[in-house]
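Visitor: Heads up: the sequence lines are chains A and B, in that order.
Just so you know, my numbering puts 209 at position 209 of the first sequence, and the rest follows in order with no gaps.
Just so you know, my numbering puts 40 at position 40 of the second sequence, and the rest follows in order with no gaps.
Since the hints were made in silico from the structure, they are not lab data.
Fair warning: there could be bad hints in the mix.
To be verified - Below are the DSS-like pairs computed for lysine-lysine, each with C-alpha atoms no more than 30 Å apart in a straight line: (1) B:K241 to A:K29; (2) B:K141 to A:K46; (3) B:K373 to A:K74; (4) A:K205 to B:K212; (5) B:K349 to B:K393; (6) A:K55 to B:K427; (7) A:K168 to A:K130; (8) B:K181 to A:K74; (9) B:K393 to A:K74; (10) A:K148 to A:K74; (11) B:K466 to B:K427; (12) B:K141 to A:K168; (13) B:K373 to B:K427; (14) B:K212 to A:K46; (15) B:K373 to B:K393; (16) B:K241 to A:K55.
Predicted, not measured: the structure shown is a model, and the values here were computed from it.
Here is how the chains run, residue by residue.
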Amino acid sequence: MFRAVLTLLLGAVFGLGFAASARAEAGGKVLRVLAWPGYADADVVKAFEQRYQVKVEVTLVDSDEALWALMHGKDAPSFDVLAANTAEIRRYMQANLLAPLDLSRLPNTKKQLPRFQALDSIEGLTSAGKVYAIPFTYSSMGLIYDRKQIPVAPRSMRELWNPRYRGKVLDFNSAQHNFSFTALALGYPHPFQLNAAQMRTIAHKLIDLRRNLLTYYTLPEEATAFFIQHKVALMFGNYGTQQVELLRRAGADVGYVIPDEGALAWLDCWSITRSASDRPLALAWINYMLEPGVSALLTQRQGLANTLSAPVDNSGSAHIVWIGPVEDIQRREELWARIVSGDRSEQF
Amino acid sequence: MLRPALTFKLSVLLACIGVLASGATGYYAYRANRTMLVNEAEHSLLTSTELLGQRFAASIDDVAADALVLATMPSSASVAQTNDGVSASPGRERLAQVYSSFMLHHREYLQIRLITRQHYGLEVIRFDRDADGLVRVEGRKLQEKGQFAYVFDTFAFAPGRIYTSPISVNHEYGTHAAEGKPTLRIGTPVADFNGSVVGVVVIDIDLAGMLKRLQSDLPSDYQVYLANEWGDFLVHPDASKTFGFDRGRRVLMQDSFSVTKPLFEQTQSEVLVNGLAHPRQASGQVLAFVRRPFGGSEGSRFIVLGLAKPLGDVLSGANLLGNRIIRMVLIFSGLSVLLAILFARALTKPLHQLAYAATHLFAEHAMHTLPLKRTDEIGVLARCFDRLRREIKAQMDALHAKQRELVHLATHDVLTGLPNRMLFMQKLESAIEQASRRDQGLAVLFVDLDRFKQINDQFGHSVGDKVLAAVALRLEQVLCAGDVIARLGGDEFIVLIEGPRVAQAAPGIASRIMDSLNETLLMDGHSMTVGASIGISQFPDDSGTAEELLLNADAAMYAAKSGGRCGYLRYQDVLDARRHEQAGFARARAGEGAAEGREAEPTA
């Protein structure tokens, strides 16, 4: 009141104007993106926001479980676009959470490598002739080892259990992959379809692994910190070459190897949720992600392969197991929570 | 008359200056007061924040002291060394009672555990908390915790040192009330007699509960912010912004409040910001942030605590003062308007007086109001003006006198002082006009002196002139004051007589003039008689115009003069005589005609 009166008084004499209020935030449209670290860096997001005059809200996930939990959150805002691996995409598709994609609105898919344009050949991306996801980046989950402590590259996942490295092993905190790669290590033919007896065996095997670990990690940066600080010798590289890049940048002399029994590999794709409020905007986001400049950042910054250019060190002979949908995620997660928290093997 | 424009303009100008001055003073007083209040609030907030930080650190130190007490219990090392948690052990049970009493007395402890180095970091004694109270976890339910940083990091510590974990959300399975809660873990090694670490004591603290207790005596309008060393919000008035890292979307303090950046870069230990000076950074708030190291010297763990107070609450005092200032400004503005009007009037009043005097330059009353006695510039101006006016008046008076003299000279005969012909004709014309309006008559007497030429020839011009003046004097004596006497030139005078019954009175007046002029004049020792002949013409009988009246009077005078010494004649008499003559002539002609005996012509 006082200010108003005074401004009036002074304004009448001086002719002061009110300063124009700051420009209102443009648009008001919000695109909610569920992505993994490194997929939507702040500068990339900003460029998109400026181009389309929208606001982008990026939520980062560090595990498939977290992604699933967010997609099913009760009070969480509904998401428009998400990035998930092929197995997860198939799971979301079956749960009727995804919307089919209009490829004509994604001109950048024409620039992708032929193997990623052949969407029918990749399991889990199409259904009833409709496309539900576009490949974006991929990586294998091999072993990362310290070349100083382990001069000869390990050849098997079983090295993780090697008591020589007790307290110097890192594992990724994820139910599905741990069960799957242990199954591979044990030589099971169907690592994604385990029976009860196999599950039990693997649970015990995972407790053994836990006892050999330094700790579990969730984010690549976290893993790098542990690796350097605690002189880790060996780790399950959930983020594959992405982590190798990070470690080397942090000064570690590390090697990356695909074990003989094979390595799990994920192919992350972009999809649009059925609840997306603005599908054209969501499509624009996916198309933007496939721009050479944006996709190349994946390789430059994260050491991840993109779908537009073939990787330089293509280990074609390596045994890659594309991850698929697992028999009972809930069961794996229940067991995993107890394993991680320290339940003893007698409890299983 | 001066228009009121100057007074008005001056009043408005002075009033504006007055209003502006009081308004500006009020406004700056208000501004200064606000800034002062906000600064004061900032400092008191900073003190509160520092205090809160100190209490937080002190509380952590208390927890650390508890952990140390438990770790140094005489039986701790042996229990840690010899136990697998399952087999019976009286020593462990005695120790467990101590643990349970610690849990009972510290409501913010979520868990207290003794963890052995053996069995992959197995818990030997563990107390949890749930909704009903304490829960002792025993036997096969005890878990191996060697894979957690709070265990393997604490193992690496020397006895007596304190490990402080990052603040995180507890995701461990089966932890009862602790599950999903923001937790801070304090650990310390348990050493045997040789000093080698055989186990650890870990206390889990309910961070939210502890903070709630710490801030319980803060005013209710304070809002608390807490961030870990990376800036992730752990406490925020908007709960959805806390523990963002646990949900995959980090919400950082240095992003929300960019002033806090130096705290995380460790270049500053406290920052203040307020919504008054930085409305973008702290909209509507006054904020104080303090970086507070905690957990002893191990590592560089710190928290950033922030307290916010609504700017509105801080400024409520200023608004009160502001209202008073408004009132004061309004009163002073009113006063200044009043004073401005009075002053403007006082200033322009002498101007009005001068202007009035200038427009009424020769009116004496206009001069009395001039402020001649003032000693200032206006007084000088008034005096100058008065002097100027006097000079002009004197010159104007002289001019008027000269003019009057000239007019008199133009209309009067110099010798006798009588009106001249021109003036007489004017008077005659106006008299005719007046007489015809009143339906009255008037008479013009043409007086011609009989013997003036001889007197002039005989005694000289100077005597002649004196005679003429004497004649004029006599005429004036004979006639009434209302009659007009004029000298036409030479020895001719003319008299105008007005009034009722003038026709009857004229011959009498003529005769009086005759008598007066026939009296002997004594001039320079010479005795003489002037004598006069007079012709009388009358209005309206003889003519309606001044010129004709004069001509007719002249003609009558001429007839009188040529008719011998009869003195005066009326023009009517002249006409009668002429008619009589013509009649006589006609009779004579008629006689001649009859003598010839022819015919008689009809008479007209």
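Visitor: Now, for every hint given, state plainly whether the structure supports it.
Guide: Here's how the hints hold up against the structure:
A C-alpha spacing of about 21 Å is found between K241 (chain B) and K29 (chain A), which places the hinted pair at or below 30 Å, so the restraint holds. This hinted pair does not check out: K141 (chain B) and K46 (chain A) have alpha carbons roughly 50 Å apart, beyond 30 Å. For a cut-off of 30 Å, the pair hint linking K373 (chain B) to K74 (chain A) is broken: about 96 Å separates their Cα positions. This hinted pair does not check out: K205 (chain A) and K212 (chain B) have alpha carbons roughly 44 Å apart, beyond 30 Å.
This hinted pair checks out: K349 (chain B) and K393 (chain B) have alpha carbons roughly 25 Å apart, not beyond 30 Å. Taking the CA atoms of K55 (chain A) and K427 (chain B), the gap is about 111 Å. The hint is violated against a cut of 30 Å. Proximity of K168 (chain A) to K130 (chain A) is assessed by CA-CA distance (about 47 Å); at most 30 Å being required, the pair is judged violated. A hinted pair counts as satisfied when its Cα atoms are at most 30 Å apart, and K181 (chain B) with K74 (chain A) qualifies at roughly 19 Å.
Only pairs whose Cα atoms come within 30 Å are accepted, and K393 (chain B) paired with K74 (chain A) is rejected, the gap being roughly 107 Å. Only pairs whose Cα atoms come within 30 Å are accepted, and K148 (chain A) paired with K74 (chain A) is rejected, the gap being roughly 48 Å. Between K466 (chain B) and K427 (chain B), the direct Cα distance comes to roughly 26 Å. Compliance with the 30 Å bound is thereby established for this hinted pair. Pair hint K141 (chain B) plus K168 (chain A) holds up; C-alpha atoms about 27 Å apart against a cutoff of 30 Å.
Of the supplied pair hints, the one linking K373 (chain B) and K427 (chain B) is violated, its CA atoms being roughly 52 Å apart against a limit of 30 Å. For the hint linking K212 (chain B) to K46 (chain A), the alpha-carbon distance of about 38 Å lies beyond 30 Å, and the restraint is violated. Only pairs whose Cα atoms come within 30 Å are accepted, and K373 (chain B) paired with K393 (chain B) is accepted, the gap being roughly 21 Å. The suggested pairing of K241 (chain B) with K55 (chain A) holds, with an alpha-carbon distance near 18 Å, which does not exceed 30 Å.
In terms of the numbered hints stated before, the structure departs from hints 2, 3, 4, 6, 7, 9, 10, 13 and 14, listed from lowest to highest.
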